[in-house]
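Enquirer: At the far end of the sequence shown sits residue 1135, using the numbering used here, and the numbering has no gaps.
One or more hints might be untrue.
Unchecked claim - Only pairs whose alpha carbons sit at most 30 Å apart, straight line, appear in this in silico DSS-like list of lysine-lysine: (1) K1111 with K1013; (2) K992 with K1015; (3) K1013 with K976; (4) K976 with K938; (5) K992 with K976; (6) K949 with K1111; (7) K962 with K1015; (8) K1100 with K962; (9) K1015 with K1111; (10) K929 with K976; (11) K1013 with K1060; (12) K929 with K1066; (13) K962 with K929; (14) K938 with K1111; (15) K1111 with K1066; (16) K929 with K992; (17) K1060 with K962; (18) K1013 with K1100; (19) K938 with K1015; (20) K938 with K949; (21) K1015 with K949; (22) K949 with K992.
If you are wondering where the hints come from, they were derived from the structure by calculation, not from laboratory data.
The structure presented is a predicted model; accordingly, all values stated were derived computationally and were not measured.
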Amino acid sequence: MKNLTPEETGKRYDRIAMAYEKNRSSTIGMDYLEKFLLLLDTKESGQRKASILDIGCGTGLPLMKRMVDFGSNVTGIDISYEMIQKAKTNVPGASIIEGDILTFAFEETFDGILAWDSLFHLPLDQQEQAIRKIASLLKPDGIFLFTAGGNEGELRSTMFDTEFYYSSLSPQKYESILANVNCKVFLNEIDDQFSHGHRVLMCRKTNR
C-alpha cells in the first residue's frame, strides 16, 4: 500500500484544519494524559516544571492546552501549517514548531513525550526509526505516551472527506523496539471497548 509523504500528509491536514478543530472531542485522550502528567509531576517532586514534547500537536486542543495549563513547559511539533497556526492561537503558552519528527534537529531532551494519533501516519518501515528518535529525546526516567493501531498493518481511511494513510506495528513489536532503547512499557491497552483499532501505550526510559 502506498503511503503519503510527510508533505502530503501535512497538506491534507491543512485542508481539514477547520473541520478538525470544530469537531475534535474536548475529552479525547484526557484520562491517559492526566496519568501521564501526574507521573511527570511526581517524578519532578515540584522542583521545576516538566518539559514535554507533543508530536503531532495539531490545533493544540485539548491535549497541549491541558499540559500548559497544568504548568508544564511544552514544545509542539506538527507538519501541517494550518494546524500550527491554530495551535499558536489556542495555546500561546507553548513553543510550536512546523516540522517532521524524523528530520527535525532538536537541541534539548524532554521529561515527557506525547504522540497521540500521530505516529500511525508514518510508513511501517519508519516506525522503528521514529521510536528510536523519540527515545533519544527522552531524559532518563522520562515518560513516553503514544497511540497505535490495534494490530500490525496498513490502511487508508477518510476523515472529513479527505483520505489518509495509517500504519501500525503489532503491540509486541512496539514493546520489543522500546525495550531495545531502554524503555519499559507499563501500559498497553485498547482504549475503546467498542473498537479494536486504537491502542494506547505508555513507557518509562530506564537508566541502564
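Enquirer: Against the structure shown, which of the earlier numbered hints fail to hold, in ascending order?
Expert: 1, 4, 6, 9, 10, 12, 13, 14, 16 and 18
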